[in-house]
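Visitor: Using the hints provided, position chain B relative to the given structure of chain A.
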Amino acid sequence: ETGVTQTPRHLVMGMTNKKSLKCEQHLGHNAMYWYKQSAKKPLELMFVYSLEERVENNSVPSRFSPECPNSSHLFLHLHTLQPEDSALYLCASSHGFSGPGQGYEQYFGPGTRLTVT
Amino acid sequence: DQQVKQNSPSLSVQEGRISILNCDYTNSMFDYFLWYKKYPAEGPTFLISISSIKDKNEDGRFTVFLNKSAKHLSLHIVPSQPGDSAVYFCAASLQGAQKLVFGQGTRLTINP
Numbered sequence: 002e003t004g005v006t007q008t009p010r011h012l013v014m015g016m017t018n019k020k021s022l023k024c025e026q027h028l029g030h031n032a033m034y035w036y037k038q039s040a041k042k043p044l045e046l047m048f049v050y051s052l053e054e055r056v057e058n059n060s061v062p063s064r065f066s067p068e069c070p071n072s073s074h075l076f077l078h079l080h081t082l083q084p085e086d087s088a089l090y091l092c093a094s095s096h097g098f099s100g101p102g103q104g105y106e107q108y109f110g111p112g113t114r115l116t117v118t
Numbered sequence: 413d414q415q416v417k418q419n420s421p422s423l424s425v426q427e428g429r430i431s432i433l434n435c436d437y438t439n440s441m442f443d444y445f446l447w448y449k450k451y452p453a454e455g456p457t458f459l460i461s462i463s464s465i466k467d468k469n470e471d472g473r474f475t476v477f478l479n480k481s482a483k484h485l486s487l488h489i490v491p492s493q494p495g496d497s498a499v500y501f502c503a504a505s506l507q508g509a510q511k512l513v514f515g516q517g518t519r520l521t522i523n524p
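As given, the protein sequences belong to chains A and B, one line each in that order.
So our numbering is basically just the index in the first sequence, starting at one, shifted up by 1.
So our numbering is basically just the index in the second sequence, starting at one, shifted up by 412.
Isolated chain A, as found in the complex (with noise of 0.2 Å):
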């Protein structure tokens, strides 16, 4: 395997189920992230974690909770979702660090559609 991978790709969930996410990198970053697209909307960043650590929760519902095990793994717990959380949940890994000049290129899954019934 290459690059960054999600499993499942398609998921459909009643409100009162629980399933996780899984994304897997083998690009040797140390920071991982959740993005979530919903339709005709820019990605939104969920979660953001820099050597294992959470460094950013863009105030996320509690009912979404990410785990970060190791630099190379990251889910995305589901519990109790709405019928609009229905969207395109992307996994991305970037390098933790840049230098000047530089920034952070991310490098994306192909993530997974999630319907919530």
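One thing to keep in mind: the hints can contain errors.
Computed cross-link-like contacts, DSBU-like style, restricted to lysine-lysine with a CA-CA straight-line distance of at most 30 Å [what the hints assert, rightly or not]:
id: 1; chain 1: A; residue 1: K19; chain 2: B; residue 2: K511
id: 2; chain 1: B; residue 1: K468; chain 2: A; residue 2: K20
id: 3; chain 1: B; residue 1: K468; chain 2: A; residue 2: K42
id: 4; chain 1: A; residue 1: K37; chain 2: B; residue 2: K483
id: 5; chain 1: A; residue 1: K41; chain 2: B; residue 2: K417
Hint data in this document are derived by calculation from the structure and do not stem from the laboratory.
Guide: Below, chain B alone, put in the same frame as chain A:
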């Protein structure tokens, strides 16, 4: 308040011609800018980036221009090819910050 805006939701260009995708930003502290390309059912793919210390960066058929005074950047694709048909997102960040702020995207269609 959307800090990064792509005001054209769609753009149609003939194969072989130049495609110009535009992006405006409001935060003058942004100093690193990126363009991503996204096909249906795939994640965004990094294309090209530019630091605020430059006004142009070129990579093959792709060139990004940055106009700091106008808070405007553009992506030029020349010549355009059918495989360039996709949604293009611009993104911006602050130096040292890992957070990227994305625009809404522009759907580019290349017509044969």
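Visitor: Now, for every hint given, state plainly whether the structure supports it.
Guide: Do the hints match the structure? See the list:
no.: 1; hint: A:K19 <-> B:K511; result: 28 Å, holds
no.: 2; hint: B:K468 <-> A:K20; result: 45 Å, violated
no.: 3; hint: B:K468 <-> A:K42; result: 28 Å, holds
no.: 4; hint: A:K37 <-> B:K483; result: 26 Å, holds
no.: 5; hint: A:K41 <-> B:K417; result: 13 Å, holds
Hint 2 from the earlier list is the only one contradicted by this structure; the remaining hints agree with it.
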